[in-house]
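Engineer: Listed below are the residues making up each chain.
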Amino acid sequence: MEYFLQQLINGITLGSIYGLIAIGYTMVYGIIGMINFAHGEIFMIGSFIALTTFVALALLGITFLPVVLLIMLIVAMGFTALWGWAVERVAYRPLRGSFRLAPLITAIGMSIFLQNFVQVTQGARVKPLPPQIQGGITLMQGEFVNVQLSYVQILIVVTTVVLMAGFTLLISRTSLGRAQRACEQDAKMASLLGVNVDRTISLTFVMGAGLASVAGLMFLLYYGVIDFYIGFLAGVKAFTAAVLGGIGSLPGAMLGGLAIGLIETFWSGYFSVEYKDVAAFSILAIVLIFMPSGLLGRPEVEKV
Amino acid sequence: MSAIDPTAVEARPEGAQLKNEELRETARGEPPFAPEPILESRLQRSLREAALTAAVVAGLTLFFFAFRTDIGIGGLDLILQWPLWFVWIAIAFAARFVLSYFVYVPGRKLSDIVKRDKTATSPGAATGARWLGRAVGVVMLLIAATFPFLIETLLPSQDRYLIDLAILILTYVMLGWGLNIVVGLAGLLDLGYVAFYAVGAYSFALLATNFDLGFWVCLPMAGLFAAGWGIVLGFPVLRLRGDYLAIVTLAFGEIIRVILINWGNITGGPNGVLGIPKPTLFGLDFGRGEGSFSDFFGIPYSSIHRFIFLYYIILLLALLTNFVTLRLRKLPIGRAWEALREDEIACRALGLNTTNVKLTAFATGAMFGGFAGSFFATRQGFISPESFTFIESAIILAIVVLGGLGSQLGVVFASVVMIGGIELLRHLTILQAVFGSDFDPTQYRMLIFGLAMVGIMVWKPRGLISSRSPSAIYKEKKVIGADLVAQGEGH
Amino acid sequence: MSQTPSNLAAGPAASAAALDRWHDDPVLSVEHLTMRFGGLTAIDDLSFSVGRGDITALIGPNGAGKTTVFNCVTGFYKPTEGRIALRRGRGIADETIRDLTASGAQHGRDANGEVFLLERMSDFRITATAGVARTFQNIRLFGGMTAFENLLVAQHNVLMRASGYTIGGLLGLPGYRRAREAARERAIYWLERTRLIERADDPAADLPYGAQRRLEIARAMCTGPALLCLDEPAAGLNPRESAELNDLLKYIRAEHDVSVLLIEHDMGVVMEISDHIIVLDYGKKISDGTAEQVRTDPRVIAAYLGVDDEEVDQVEEDLDHEEDEAAARSATGGAR
Chain D
1 MEYFLQQLIN GITLGSIYGL IAIGYTMVYG IIGMINFAHG EIFMIGSFIA
51 LTTFVALALL GITFLPVVLL IMLIVAMGFT ALWGWAVERV AYRPLRGSFR
101 LAPLITAIGM SIFLQNFVQV TQGARVKPLP PQIQGGITLM QGEFVNVQLS
151 YVQILIVVTT VVLMAGFTLL ISRTSLGRAQ RACEQDAKMA SLLGVNVDRT
201 ISLTFVMGAG LASVAGLMFL LYYGVIDFYI GFLAGVKAFT AAVLGGIGSL
251 PGAMLGGLAI GLIETFWSGY FSVEYKDVAA FSILAIVLIF MPSGLLGRPE
301 VEKV
Chain X
305 MSAIDPTAVE ARPEGAQLKN EELRETARGE PPFAPEPILE SRLQRSLREA
355 ALTAAVVAGL TLFFFAFRTD IGIGGLDLIL QWPLWFVWIA IAFAARFVLS
405 YFVYVPGRKL SDIVKRDKTA TSPGAATGAR WLGRAVGVVM LLIAATFPFL
455 IETLLPSQDR YLIDLAILIL TYVMLGWGLN IVVGLAGLLD LGYVAFYAVG
505 AYSFALLATN FDLGFWVCLP MAGLFAAGWG IVLGFPVLRL RGDYLAIVTL
555 AFGEIIRVIL INWGNITGGP NGVLGIPKPT LFGLDFGRGE GSFSDFFGIP
605 YSSIHRFIFL YYIILLLALL TNFVTLRLRK LPIGRAWEAL REDEIACRAL
655 GLNTTNVKLT AFATGAMFGG FAGSFFATRQ GFISPESFTF IESAIILAIV
705 VLGGLGSQLG VVFASVVMIG GIELLRHLTI LQAVFGSDFD PTQYRMLIFG
755 LAMVGIMVWK PRGLISSRSP SAIYKEKKVI GADLVAQGEG H
Chain V
796 MSQTPSNLAA GPAASAAALD RWHDDPVLSV EHLTMRFGGL TAIDDLSFSV
846 GRGDITALIG PNGAGKTTVF NCVTGFYKPT EGRIALRRGR GIADETIRDL
896 TASGAQHGRD ANGEVFLLER MSDFRITATA GVARTFQNIR LFGGMTAFEN
946 LLVAQHNVLM RASGYTIGGL LGLPGYRRAR EAARERAIYW LERTRLIERA
996 DDPAADLPYG AQRRLEIARA MCTGPALLCL DEPAAGLNPR ESAELNDLLK
1046 YIRAEHDVSV LLIEHDMGVV MEISDHIIVL DYGKKISDGT AEQVRTDPRV
1096 IAAYLGVDDE EVDQVEEDLD HEEDEAAARS ATGGAR
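Residue numbers (the numbering used here), protein chains in the order written: chain D, 1 to 304; chain X, 305 to 795; chain V, 796 to 1131.
None of these hints come from the bench; they were simulated from the model. Computed from a predicted model, the values in this text were never measured in an experiment. Incorrect hints may appear among the rest.
[What the hints assert, rightly or not] Label-pair restraints from in silico Cβ distances:
{"hint": "1", "chain 1": "D", "residue 1": "P251", "chain 2": "X", "residue 2": "F627", "range": "49 to 55 Å"}
{"hint": "2", "chain 1": "V", "residue 1": "G833", "chain 2": "D", "residue 2": "K188", "range": "56 to 62 Å"}
{"hint": "3", "chain 1": "D", "residue 1": "G97", "chain 2": "X", "residue 2": "F627", "range": "36 to 42 Å"}
{"hint": "4", "chain 1": "V", "residue 1": "G833", "chain 2": "X", "residue 2": "I649", "range": "20 to 26 Å"}
{"hint": "5", "chain 1": "X", "residue 1": "R346", "chain 2": "D", "residue 2": "I154", "range": "39 to 45 Å"}
{"hint": "6", "chain 1": "V", "residue 1": "N933", "chain 2": "X", "residue 2": "V407", "range": "49 to 55 Å"}
{"hint": "7", "chain 1": "X", "residue 1": "I649", "chain 2": "D", "residue 2": "G97", "range": "46 to 52 Å"}
{"hint": "8", "chain 1": "X", "residue 1": "R730", "chain 2": "D", "residue 2": "K188", "range": "54 to 60 Å"}
{"hint": "9", "chain 1": "X", "residue 1": "F627", "chain 2": "V", "residue 2": "I983", "range": "26 to 32 Å"}
{"hint": "10", "chain 1": "V", "residue 1": "N933", "chain 2": "D", "residue 2": "G97", "range": "16 to 22 Å"}
{"hint": "11", "chain 1": "D", "residue 1": "V145", "chain 2": "X", "residue 2": "I563", "range": "27 to 33 Å"}
[As the list claims (entries may be wrong)] From chain V, some residues computed to sit far from chain X (all C-beta separations above 12 Å):
{"hint": "12", "residue": "G870"}
{"hint": "13", "residue": "G884"}
{"hint": "14", "residue": "H902"}
{"hint": "15", "residue": "D905"}
{"hint": "16", "residue": "D918"}
{"hint": "17", "residue": "L936"}
{"hint": "18", "residue": "E944"}
{"hint": "19", "residue": "N945"}
{"hint": "20", "residue": "T961"}
{"hint": "21", "residue": "R979"}
{"hint": "22", "residue": "I983"}
{"hint": "23", "residue": "A1000"}
{"hint": "24", "residue": "D1001"}
{"hint": "25", "residue": "E1067"}
Ideal Cβ positions, reconstructed from N, Cα and C, are used throughout, including at glycine.
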């Protein structure tokens, strides 16, 4: 029981991270119908920026943790968002309206480029960050194991919830959100009605990148190590989450993220750690094959 | 045939769709409202744009050029590299300024300038291009057939390296041709092709090391195994379209790799399989001494013989792939693949069992992947899961797409450009003079590879060779423009 | 079994019953067909028959469910309820169909021919074995392939068998070569019939609209169908092309043993070539009979003119109680 609870807590934490990345996938897929393959790398870039910011702040003598975290968050979001914008501008916008495979290939190319860019500029070695937030609340004293809710986990889940709430408001209440939904339905019509489609799509990428950078920051705090390769796996799993939740649906992405996080931790906890990626990938395949519209997505009817 | 007005044929545009597109483009150029009067001079505009670009680049690279974290004593150190950062900002500024001032015209999109003139693909030119294509194909074939001897006579000092590089390129050509069946002909986007490459390599390696079988016996078996896996993995994904298909095949590729890593007692785990036998020529091996190739023919032993032999094996395998593909295209099965790419629903309405059509495409593509995998295993003598990562699938797919979907010659060009070009970088020691002696060009291979993928795709979204030639002709062979050819499901 | 439940047929059509092939010798009988999409009932308990060798038109206002009927007949949709029987052979006993329905099989035969229960078959098998070919409302050609190639794809199953499932074809066996020649001949025949032979080597997407429509019909014919289903074949054609289409359909019916079921909005085409017209509205059949019968049916007039509901009721009452022929006829002019 204690073990189960502990896995549940870990799973929710991991799921929050996946969910934040998944939102970027789902938004981009919703609006331009492509898998932004480089999104996982954007997440990785976010965590690198956060790490560098941390080290720079430490050099400057700023060590008061809440301030440090806040600055890391803001800097990472801002600069990663710029990366998100730039990727869209360089690799996707010139190919808008072109045939479908082209942006997928540029996305893969971008992904390769970004990975190697970070490898070259920051080195291939794993970057450790000593745990910044230590301790936690012991929820339950078991015979063998205690159920621990660490402060990092609380921070991650709370931040995710706050961001999600703000984000949902942004999408449902503002004119930007409306423009986004309009482009999702019919970009051509939206542009005829005066929506700046290019700008809306750019902003979608910016927002997705911003959220991914938060996920990157949390990943850094939670695991304490990052390298240039973390984007690929996290990206594929987050995409799985987006698909599981129903691509195009924001709550779905979050729900899918949680589901993937839970499945992965429980699988590792009860079966085998080695095959945890197989579990995630198999779920992706199974969901797509048997439930292509996901948990909360709209079913697609074949037009004859 | 005389009833046709020949001029009408000549004047015909590449397609109604294209015409539409052109109309739309012209319309886009003429907004219904009066364009804003240009208030700033060209210089001002260029400066402004250059400054903006420089600012963006500054923002992007601040955390990667200016700061670099490194593991130091007692945690992470920060290395500051301001000069590097400023250099790149300056480069960005200068490049954008030049572009804005000399190349870019307001109101015209940059991509339009980059794109070649559309009138260049008139039917006449296309027919000419086809003959050119055939001529180039023949010349390339001749070069390929005599390549080892050309090298021996022209560049004997570099022979080992160059032949090895040619083997590598040919392996990718073969993989590209194999994947071209799935992606180019049948229009099924497969991002996990490396799985079949791995199955081929591992089935050969395991058969050879456990049962002591030779290369030529194992080769067809490995191909069949891979084809079987093609069907096994193809079956569940039959209903998926486009991007979803891509992502599930990617997942399958990763699953196979994870299994290879963790199924230690069979596959050797992360260490892989060692001691895979080399191929023999009718029982002659390429070592020294009794019963070897050099012994039998009474020529002095040279290690290059094995390379040349391997070269011809892969050339043969690649040509076999090409031959079978070209042949299949003219058979009902190949035509069904292409029809599937064009319109799956219409296929079903014509009584085609699309399940079978898809599975045969998967299986055939996988089989050639399996052959290539066997060859890879025998060439290396050692395989491990590391060789079969997603990046390999991405490279093969990139070769197919960059070459032009469905184009056999395009795959060759793309392989030479991508694999050969990247490999050349290793030897650009001249760059060390520019960037300092600790500059290691190989580090930048994949970086440039990624950029090249983006660049070529933006430049030519349809790939280098994008026209399609019909598989059956009534009277006259006409090349079909790329704009008419569909790309497969979910477009 | 072949009794068509039509309130109309009981009336003036009774005298013409001897001429109604769709009663005596149906090639397709649709019984109690119902198709629901979620809460929406697109087709509601629809029954009709298509006579062998007839040109049968399915007409009705937009959204009446015509294309849905087509998709059910050709297997693209699985009907919620109902039976769709294709009879290849005259005088197949109703018991045969009844037994077949009970047995759960897709296909059966008796002394007079074969029966296929289309609602149980998958789409491609309906074309491949039952011999139903179709075209699409929004033309679905293989745009990047030539007209000639399009017609060869349509002969895939024959060629596939002849090529020994590719193996024989790869080896270039003579059996395959003969089949390939036959397929070429057939393709050329239909290209000539549809006046597309001059454009045989042009990509299908390059052809003008009317030619694409014709090519789609040619391609459907190349599958060797018993029943040809055409979804709005005259849509977007100019009057000359429409006239040509009429001739083509008449030719197909006369020279090839094919029955035609078509959806059409162009009443000129419908009235001229149809032997039998079925009118749908809101997924229900409102009229069924010859061109003359349908033309004078007040319900049809009401559906097409969009009169008020009360008026429809009124008209129906009129029909039931007193045959107000004169009123109906004067309204017919307006309907056309």
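Engineer: Hint by hint, say whether it matches the structure.
Structural biologist: Here's how the hints hold up against the structure:
The given range of 49 to 55 Å is respected by P251 of chain D and F627 of chain X, whose C-beta atoms sit roughly 53 Å from each other. Separation of G833 of chain V from K188 of chain D is about 28 Å and departs from the stated range, judged on CB atoms against 56 to 62 Å. The given range of 36 to 42 Å is respected by G97 of chain D and F627 of chain X, whose C-beta atoms sit roughly 37 Å from each other. Roughly 22 Å separates the CB atoms of G833 of chain V and I649 of chain X, a value that falls within the hinted 20 to 26 Å.
Separation of R346 of chain X from I154 of chain D is about 57 Å and departs from the stated range, judged on CB atoms against 39 to 45 Å. A hinted range of 49 to 55 Å for the beta carbons of N933 of chain V and V407 of chain X is inconsistent with their spacing of about 42 Å. Checked against the hint of 46 to 52 Å, the pair I649 of chain X and G97 of chain D fails, with Cβ atoms roughly 23 Å apart. As the Cβ distance of R730 of chain X to K188 of chain D is approximately 47 Å, the hint placing it in 54 to 60 Å is violated.
Between F627 of chain X and I983 of chain V the CB atoms are about 29 Å apart, so this pair conforms to the stated range of 26 to 32 Å. The hinted range of 16 to 22 Å is satisfied by N933 of chain V and G97 of chain D, whose Cβ atoms lie roughly 20 Å apart. Separation of V145 of chain D from I563 of chain X is about 31 Å and conforms to the stated range, judged on CB atoms against 27 to 33 Å. Consistency note on G870 of chain V: stated as away from chain X, yet its beta-carbon is not over 12 Å from all of that chain's, at 8 Å minimum.
The beta carbon of G884 of chain V is kept farther than 12 Å from every beta carbon of chain X, the shortest such distance being approximately 20 Å. No beta-carbon of chain X is positioned within 12 Å of the beta-carbon of H902 of chain V; the least distance is around 15 Å. With 12 Å as the threshold on Cβ separation, the claim that D905 of chain V sits away from chain X holds: the shortest Cβ distance comes to roughly 25 Å. A Cβ of chain X approaches the Cβ of D918 of chain V within 12 Å, the least distance being about 5 Å, so the stated non-interface status is violated.
Not every Cβ of chain X is farther than 12 Å from the Cβ of L936 of chain V; the closest lies at roughly 7 Å, contradicting the non-interface assignment. Against the 12 Å criterion, E944 of chain V falls within the reach of chain X, whose nearest CB is about 5 Å from its own CB. Remark: the non-interface label on N945 of chain V conflicts with the geometry, its nearest Cβ contact in chain X lying 8 Å away (cut-off 12 Å). The Cβ of T961 of chain V does not lie farther than 12 Å from every Cβ of chain X; its closest approach is about 5 Å, which violates its non-interface assignment.
The claim that R979 of chain V lies off the interface is violated: its Cβ sits roughly 8 Å from the closest Cβ of chain X, which falls inside the 12 Å cut-off. At roughly 7 Å, the least C-beta separation between I983 of chain V and chain X is not larger than 12 Å, which violates its mark as non-interface. With a cut of 12 Å on Cβ distances, A1000 of chain V falls inside the contact zone with chain X, its closest approach being about 4 Å. Residue-level check failed: D1001 of chain V sits 5 Å from the nearest beta carbon of chain X, not beyond 12 Å.
E1067 of chain V, annotated as away from the interface, keeps every beta carbon of chain X farther than 12 Å; the closest lies near 27 Å.
When held up to the earlier numbered hints, the structure conflicts with 2, 5, 6, 7, 8, 12, 16, 17, 18, 19, 20, 21, 22, 23 and 24 and fits the remainder.
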